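Trainee: Following the hints, complete the assembly by docking chain B onto the known chain A.
Chains as they are written, first to last, in this note's numbering: chain A, 1 to 126; chain B, 1 to 126.
Keep in mind the hints are simulated off the structure, nothing from the lab.
Since the structure is predicted, the reported quantities are computational estimates derived from the model, not experimental observations.
Be aware that a few hints might be false.
Where chains are identical, the list cannot tell them apart; a pair therefore holds if satisfied intra-copy or between any two copies.
To be verified - Computed list of lysine to any residue pairs in SDA-like fashion (alpha-carbon distance at most 20 Å, straight line):
(1) K117 <-> R63
(2) K117 <-> P13
(3) K7 <-> D33
(4) K117 <-> R89
(5) K117 <-> D104
The chain contents come next:
Protein chains: 2
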Amino acid sequence: MVESPLKDPAAAPMQGDEGAPEAWLVFDAGVTDALHGLAAGDELLVFTWLDRARRDVLQVHPRDDRSRPEQGVFATRSQDRPNPIGLHRVTVLAIDGLRFRVRDLEAVDGTPIVDVKPPLRRAGER
Amino acid sequence: MVESPLKDPAAAPMQGDEGAPEAWLVFDAGVTDALHGLAAGDELLVFTWLDRARRDVLQVHPRDDRSRPEQGVFATRSQDRPNPIGLHRVTVLAIDGLRFRVRDLEAVDGTPIVDVKPPLRRAGER
Numbered sequence: 001m002v003e004s005p006l007k008d009p010a011a012a013p014m015q016g017d018e019g020a021p022e023a024w025l026v027f028d029a030g031v032t033d034a035l036h037g038l039a040a041g042d043e044l045l046v047f048t049w050l051d052r053a054r055r056d057v058l059q060v061h062p063r064d065d066r067s068r069p070e071q072g073v074f075a076t077r078s079q080d081r082p083n084p085i086g087l088h089r090v091t092v093l094a095i096d097g098l099r100f101r102v103r104d105l106e107a108v109d110g111t112p113i114v115d116v117k118p119p120l121r122r123a124g125e126r
Numbered sequence: 001m002v003e004s005p006l007k008d009p010a011a012a013p014m015q016g017d018e019g020a021p022e023a024w025l026v027f028d029a030g031v032t033d034a035l036h037g038l039a040a041g042d043e044l045l046v047f048t049w050l051d052r053a054r055r056d057v058l059q060v061h062p063r064d065d066r067s068r069p070e071q072g073v074f075a076t077r078s079q080d081r082p083n084p085i086g087l088h089r090v091t092v093l094a095i096d097g098l099r100f101r102v103r104d105l106e107a108v109d110g111t112p113i114v115d116v117k118p119p120l121r122r123a124g125e126r
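Extracted from the complex, chain A is given alone in its bound form (with noise of 0.2 Å):
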């Protein structure tokens, strides 16, 4: 699950990069061993299930501008698509057990985290 100062979805930036604030992931006992090898400096995709999104929505403005046409979703970055999955490029600042204290995480707080995976390297230093 995501800890972050962000609690309004309307007033989070709508990349990592834009002004999010430091963040946690906290991570459920249950999967202590799938965190092996991680470590603080490490980039890492985050997947979320970004619950308070709307699943019934298939077009939107690009970036909330209605000065721009009406693009389908799978075609945009927006929250709102059938399957509301975040995912999200964070950089990790420090590790405390199960909580990650990241970077760049625009996710609002009690966000469902549902995969973490690395970046996919270059061809030969996989």
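Mentor: Quick look at chain B alone, frame taken from chain A:
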């Protein structure tokens, strides 16, 4: 849903740029409006549910290389993980209604698609 000549997870390439054959993304008619604005030539992030993965595996040898020490699955791109969400970066080759022909997709035939997003562009180009 993915339509692909790849049938056997054990024989599929580990990543899409490691020899995956061309494949199709086949969407449900209910999300037709959400596809508006996508075009041949686009790069897309495709999210799948890896329904043949194991959800009880928490540690693996990276890239199935037993000479490498076991790591937590969250530090690897293993398909086996508590919530087996696949992330695939593909290029759209052609669109035929609800069917998108794509390059670099290593998911096997029949894998459910759960979301599609464009890659995030640099700040300033959003």
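Trainee: It remains to establish, for every hint, whether it holds in the given structure.
Mentor: Structure-based check of all given hints:
1. K117 <-> R63: Between. Shortest inter-copy distance 14 Å satisfies the 20 Å Cα cut-off; intra-copy 26 Å does not.
2. K117 <-> P13: So K117 and P13 pass the 20 Å test across copies only (18 Å; inside, 23 Å).
3. K7 <-> D33: neither (30 Å within a copy, 31 Å between copies)
4. K117 <-> R89: both (10 Å within a copy, 14 Å between copies)
5. K117 <-> D104: both (16 Å within a copy, 19 Å between copies)
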